[in-house]
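Quick mapping for you: the protein sequence lines, in order, are chains A and B. Residue 62 in UniProt numbering sits at position 62 of the first sequence; the count goes up by one each step and never skips. Residue 109 in UniProt numbering sits at position 109 of the second sequence; the count goes up by one each step and never skips.
Rather than coming from a laboratory, the hints here were simulated on the basis of the structure. The beta carbon of each residue, even a glycine, is placed where N, CA and C say it ideally should be. A few of these clues could be false.
To be verified - Heads up, simulated EDC-like pairs for lysine to aspartate or glutamate below, C-alpha to C-alpha not over 16 Å straight-line:
{"id": "1", "chain 1": "A", "residue 1": "K126", "chain 2": "A", "residue 2": "E51"}
{"id": "2", "chain 1": "B", "residue 1": "K126", "chain 2": "B", "residue 2": "E223"}
{"id": "3", "chain 1": "A", "residue 1": "K43", "chain 2": "B", "residue 2": "D226"}
{"id": "4", "chain 1": "B", "residue 1": "K43", "chain 2": "A", "residue 2": "E51"}
{"id": "5", "chain 1": "A", "residue 1": "K73", "chain 2": "A", "residue 2": "D60"}
{"id": "6", "chain 1": "B", "residue 1": "K126", "chain 2": "B", "residue 2": "D226"}
Stated by the list, open to error - From the derived model, a few chain B residues whose C-beta atoms are all more than 10 Å from chain A:
{"id": "7", "residue": "T26"}
{"id": "8", "residue": "S49"}
{"id": "9", "residue": "S54"}
{"id": "10", "residue": "K73"}
{"id": "11", "residue": "V121"}
{"id": "12", "residue": "R127"}
{"id": "13", "residue": "H188"}
{"id": "14", "residue": "R197"}
{"id": "15", "residue": "A206"}
Number of protein chains: 2
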Amino acid sequence: MNVLIVHAHPEPQSFTSALRDLAAETLQGQGHQVLVSDLYAMKFNPVASAEDFSERANPDYLVYALEQREGVKAGRIAADIQTELDKLLWADLVIFNFPLYWFSVPAMLKGWIDRVLVSGVCYGGKRFYDQGGLAGKKALVTLTLGGRDHMFGEGAIHGPLEDMLRPLLRGTLAYVGMEVLPPFVAWHVPYISYEARQDFLRSYQARLQGLEQDVALEFPRLEQFDERLYPLQRPAQ
Amino acid sequence: MNVLIVHAHPEPQSFTSALRDLAAETLQGQGHQVLVSDLYAMKFNPVASAEDFSERANPDYLVYALEQREGVKAGRIAADIQTELDKLLWADLVIFNFPLYWFSVPAMLKGWIDRVLVSGVCYGGKRFYDQGGLAGKKALVTLTLGGRDHMFGEGAIHGPLEDMLRPLLRGTLAYVGMEVLPPFVAWHVPYISYEARQDFLRSYQARLQGLEQDVALEFPRLEQFDERLYPLQRPAQ
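One chain only, chain A, in its complex shape (with noise of 0.2 Å):
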């Protein structure tokens, strides 16, 4: 397998990073291909803007995802973004890598998104969740966050994580058609011990060592629903 982990934390000595050196060797070990993008230390750009196009389809008015889907035909997207288009398309799975702020991923990390996942390639038109431009590829979300398990949950004083997550799980990974494995999470992780950390990194290795067998998570199918995108009636029984 070819890996791709996009890695976005500021501080390098993180919990985040050990996870992310695991990940590189356990999967090297494997004999996969790994490469990581590792956003703060590239310092990565996260802003959309026009300054993201040499030259425009409409120098007047801004349609970032239509410069996109122009921009990645004329070869005419800014350089940091068609090199990590590159590695995604590369990539037969992604791992993100990151911190849990404000439950959701960290601007650095957003920006990735918003830039690489470019329209007319990751997806377009009726290319999107079974039908995305990354189906066939597989995506591992795994995150460091500060809260504990018990927070989260039905009925928990958080709900769900994964309702929480829903934005990046599926309406961004499945949505560019990638399947997408279960997080990751390590809880609680400025606050535990060392020993509790070494469990971490051993049961992620372990998952990732495991990672064939993963069961990935459901998302709609486009079959499901009329050309309109209304959702098809089942006949009553």
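With chain A held as given, fit chain B onto it using these hints.
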């Protein structure tokens, strides 16, 4: 009322910008004070990093929220963050005005959230949800998107829009204690006629003029949970 509009769109002539201007004029016309943070025009820096602190509580290892908490007390938080935080604390109503990118806020706005919702002021310890540091303020999310109305809702292809917005509405705005009003949504914006846009502007203006009557969304309250944040059991009937 003091009103802060946080606006993030890469095209100054966009319909989203028209919504911003309409909100500013309408609310000023009612005698309210209005400030606008136009993040693209300000070239706002969305990246949370060690550079946000002139001195660090722990110079060897960055825990961002901890440095926020210590930095804001000691007056050593970056000037651009302090300026935005001052506007936020001044405001009675904050309007978040943006195009939906990947069922979420653009990275530019996510960075404002990551950096400006400072730990120790906006939340911290048991100060969240109804006990959050921004209790007493109202939040309105005003967004534009490409999708159509019928693609959202129970059974629709993307499910309810509020579910996609959960990390923003609940995990961010309700979390810091704000009273979260139902979002104002302009659908299918890149594809609609001038007249359809005028309709959205008229209905937005009416909504803003009647904002006092808006009923806020419901979210958890800390009194429903015990000291360790486990849900309190209801007595069996």
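Status of each hint after checking the structure:
For the hint linking A:K126 to A:E51, the alpha-carbon distance of about 28 Å lies beyond 16 Å, and the restraint is violated. As the CA atoms of B:K126 and B:E223 are separated by approximately 11 Å, the hinted pair is consistent with the 16 Å bound. About 43 Å separates the Cα atoms of A:K43 and B:D226, which puts this hinted pair outside 16 Å; it is violated. Distance restraint check for B:K43 and A:E51: the Cα-Cα separation of roughly 13 Å lies within the 16 Å cut-off, and the hinted pair is therefore satisfied.
Only pairs whose Cα atoms come within 16 Å are accepted, and A:K73 paired with A:D60 is rejected, the gap being roughly 20 Å. Among the hinted pairs, B:K126 with B:D226 is consistent with the structure: their alpha-carbon atoms are about 11 Å apart, no more than 16 Å. Every Cβ of chain A is farther than 10 Å from the Cβ of B:T26; the closest lies at roughly 25 Å, confirming the non-interface assignment. Not every CB of chain A lies more than 10 Å from the CB of B:S49, the least distance being 5 Å, so the non-interface label is violated.
The claim that B:S54 lies off the interface holds: its Cβ sits roughly 16 Å from the closest Cβ of chain A, which is beyond the 10 Å cut-off. No Cβ of chain A approaches the Cβ of B:K73 within 10 Å, the least distance being about 19 Å, so the stated non-interface status holds. Every CB of chain A lies more than 10 Å from the CB of B:V121, the least distance being 15 Å, so the non-interface label holds. For B:R127, the shortest C-beta to C-beta distance to chain A comes to about 14 Å, beyond the 10 Å cut-off, and the non-interface label holds.
With a minimum CB-CB distance of about 12 Å to chain A, B:H188 clears the 10 Å threshold, and the non-interface call stands. Distance check on B:R197: its Cβ is at least 14 Å (rounded) from any Cβ of chain A, clearing the 10 Å threshold; non-interface status holds. In this structure B:A206 is separated from chain A by more than 10 Å, as the shortest Cβ-Cβ distance comes to about 28 Å.
Of the hints listed earlier, those the structure fails to meet are numbers 1, 3, 5 and 8, in rising order.
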